[in-house]
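Peer 1: Here are the chains, one letter per residue:
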Amino acid sequence: MTDLPRNQHIVASGIIAAVGVTVAYISFTQEPADAFIFPRLISSVFAVLAIWTFGKAILGRTKVGNGISGEAMRNMLPGLIVMVVYIFWAAKGLGFYTATTIAFFIMLSLYDPAPHNALKTWAKRIAITAGFMLVMYGLFAQLLNVFTPREVFF
Amino acid sequence: MKKWIAGAAMALAAMTGSAYAEGHGDYPERPIMLMVSYGAGGATDFQARIVTMTAGNEDALGMPIAIVNRPGAGGRVGWNWFATEADNDGYTLGAYNIPHFIAQSIEGGVSYSTDDFEPIANWGADPAVFVVGADSDFNSMADVVDYAKANPGGLTFSGAGLFVGHHIAALQLEKAAGVELAYIPNNAGGAGAMRAVIAGEVLGGVNNLSDAFRAQAAGNVKILGVFDLERNAFLPDVPTMMEQGYDIDNASVNFRGVMVPKGTPQAVIDHLAAVVPTMFENGRVQSRMEAGGSPMHVMTRDEVLEMWAARQETLEELLAGL
Amino acid sequence: MDFLFYMGDVFTPINFGLLLLGTVGGLILGATPGLSPTMAVALLIPFTFQLEPQQGLILLGAAYTSTVAGGAVSAILLKIPGAPANIATTLDGHTMAAKGEGAKALQLSFLASAVGGLFGVFLLIFLTPVLAQWALAFGPSHLFWLAILGVTVIGTLDSSSVVKGLLSGCIGLWLATIGFDDIMGAQRFIFHPAVSGGINVIPALIGLFAIPQVITMLTKGRTRSGAEVITVKRHPIRLAFVEVIRRKTALTIGTITGSIIGLIPGVGGQIAGLVAYDQSKKFSKESEKFGTGHSEGVIAAESANNAMVGPSLVPLLTLSIPGSPTAAVLLGGLLIHGIFPGPDLFMNYPQVAWTFIDSMLIGQILMCIFGLYIAGLAASVARVPHAVMAAIVLGLAVFGSYSVQNSMGDVYVMASLGLGMYFLERFGFSAAPLVLGLILGPIAEANFIQGSMIANATVGQATYFFTGWLNWFLILIVLASVSYSIWMEIAQRRYTTKDDAVAKEEALS
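Chains as they are written, first to last, in this note's numbering: chain A, 7 to 160; chain B, 27 to 348; chain C, 8 to 516.
Rather than coming from a laboratory, the hints here were simulated on the basis of the structure.
All residues carry an ideal CB built from backbone N, CA and C; glycine is no exception.
Treat each hint with caution, since some may be false.
Claimed, not checked - Derived, one-sided and incomplete: chain B residues facing chain A with beta-carbon distance under 10 Å:
1. Arg56
2. Pro57
3. Pro90
4. Tyr117
5. Val294
Chain A on its own, in the form it takes in the complex (with noise of 0.2 Å):
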């Protein structure tokens, strides 16, 4: 095992033991008890089987998982940035029906290995969203009668 996904494990499982004792103090802290009776029986695992986690981490131990390698954060990363934008702002900002539009075309154009240059992709490209949109809206907003956002046309 190569030293990069040892680093990302103490990492991960690091986040998730600090995870596990702020969730184990909060349920031991707050009011009222009668409420949180399960909380503090399930964080005190979840905390205990987390440090044990992470110290097998710390001790390049870990046997499982292989993290994450450069190659393959580069490649998701433009992707990443499309999913998190669409989801945290453009759905509700513009609607659902544009939101979704866009960034199913954006996303289609950045992964698509066919040739940007050729006119017949970017053809290809817009029949495949507007399929796609088509499908939703009959599906969601027809069949169904789903009220989603609409900020923009629909």
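Fit chains B and C to the given chain A structure using the hints.
Peer 2: Below, chains B and C without anything else, positioned relative to chain A:
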């Protein structure tokens, strides 16, 4: 390309956004949502689906009402959301249950009170009843109270949760009969509480009249008393608590109706307050409700406002002793 | 044999048409992420207002049956379980699809569903009075032990490290406590308004499974290379029949576990699949193959979650108590026509009751036929390029989680859990135990508190939780399950990751 789309989208957002904010002349121009703070299939959900089924008719709202369930913690999850996050544009309605949300707001720990909601109309009133298993030794409330006197705190009985109508009824019974009881709130609502009675996990239970009526018809339970001022048309043979010598009024009767969040435009409230009661009076709605064993009680906005204020006072008094 | 007498009613043109409509519609709704069977049935209720009672129930019954099975389609092809019932199906089903055996996995799942489903409905027909007593036998103490039994499964479920499996489970149990506590109504761990109503299982499910899937596709970048386009192996239906029959153990365990768990009020369909999966893994001769695209995993999970459909209606039809949320919605469908379920139901309304049950029998068969047909078409989903797939799954996840409660908060929860889960998965944690914790947490807690309250008022906690044969029976299974996990951990320490296991399996085949 991307920038261009985003720019155009932003421009359009600005334009349509402002258009939306004006006038309510055409209200409603799209389907309306009704939030129910209990799970699909519960008594409130079931009745809400029936009373709103004619909303799409031209003589009613002209637009369908879609039910959205937000269950959890005896209704607190739904009402908290309704008070703090629901849009007050008239397209988000909520179902209320009295005394539940008032009792919860007095008890604290939630972000709503009667001041955060504007009632529209009331559709039903479902009194609480005391039930025991079909093979129970108890045959009247006197038997129950005698047992409780002999075993202080040992009479287990189920209800749908803490600070809901059933719990209020339980508190009233404790106070009126001067006994200590063991009220066991059930996390699966009225249906779960009823199951506990039938399975013999508890000695008795407080439950909705409509559900108890069905369970009695199925031969699973006996109904010993009604927590209301008068006997109910569905159960003419079951005496009220008052008749059995316990000074208990109708504070626990579960009133169900429709409300909107504070801040909804007055024009929309007026429109809804005029139309919704007539929707409840619809013949098809009435016959379906009757078939389902759900007692109806239509009240207008003004009547509901009065009822809310009265309940607020009674409950504050009752819960102050805790 | 009353049910044979009324069988003819199912085949009148209108009834049969509704049955077809309910089955096909149910398969589509079930395959849509975010639409659990309960929601799908609730959505159909307004349509039944216009219908005769019998017809309305046929529609609802058919939809219930086929949404449960339809959830397997998205579980297998997209690794998004349509409902909690289908979580276990993803474990082997999606791995099979990733290996190009999507068609086979779907065929197996529909055949197993039909076998389990038919068995469950026959139980409903023949053993209802006996089963009704059984359904009442489970009180708070038993449900508590049952939930604990579920927790013991966590450690060995889909994770190559028991400690990390348990830790995932703990995270799930903790997430379940966020929001209002169900009985006291106290607020717990509300660190952001989006979680003020607690974490809803369906959006969490979508996020935990779908988002890591999307990110994994993204990590492949803009390449054409390698495993991007999977060739879908054709799989004759005949072979699927042979396979299902050959895997008797998994089929039997799945069907029986599903039937028993379906009967228990409140726990029902959500964990039937997972428990059956775990049990057949423990009894299988090839237990090490589970999780690597093994057909037994799919068969056990899917036969279990459809076997639970019939028994889950027992408490409703005999005692008038809905045993599951879906049964509660069906109760509404009966009540609006003035029909009160109960012991007299079969005497007062034999035509309605028996036609309903018969239509569920025929519905299982129709569901299987349509399912096998879909299997042929849908398996080509695996051929969709990953760029398109990632975008589609992302869009579906957002719409699906929003539509559960029309809530933006649920979408944020879905995305945050999903992003977190991707990183956790890279470090050896897995989503299935986490979701199991999320589902079991409230059941364990509520029943523990209720049980304690009853115990304190009566016999005392020790007596209440530790006496009675059913309590002891459950405690013994819990102990057996724990010892088995410990033994497994010591006897064959697994040094491999799940990815390695899958790779090894591929090399062997």
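Peer 1: Does each hint fit the structure? Answer for all of them.
Peer 2: Comparing the hints with the structure gives:
1. At a threshold of 10 Å, the smallest CB-CB gap from B/Arg56 to chain A is about 7 Å, leaving the interface hint in force.
2. With a cut of 10 Å, the hint placing B/Pro57 at the interface with chain A holds, because the nearest CB-to-CB distance is about 6 Å.
3. Hint on B/Pro90 holds. Least Cβ distance to chain A is approximately 7 Å, under the 10 Å limit.
4. Proximity of B/Tyr117 to chain A holds as hinted, the smallest CB-CB distance being about 7 Å (cut-off 10 Å).
5. The closest approach between the C-beta of B/Val294 and any C-beta of chain A is roughly 16 Å, which is over the 10 Å cut-off, so the hint fails.
Going through the hint list in order, the structure does not satisfy hint 5, though it satisfies all others.
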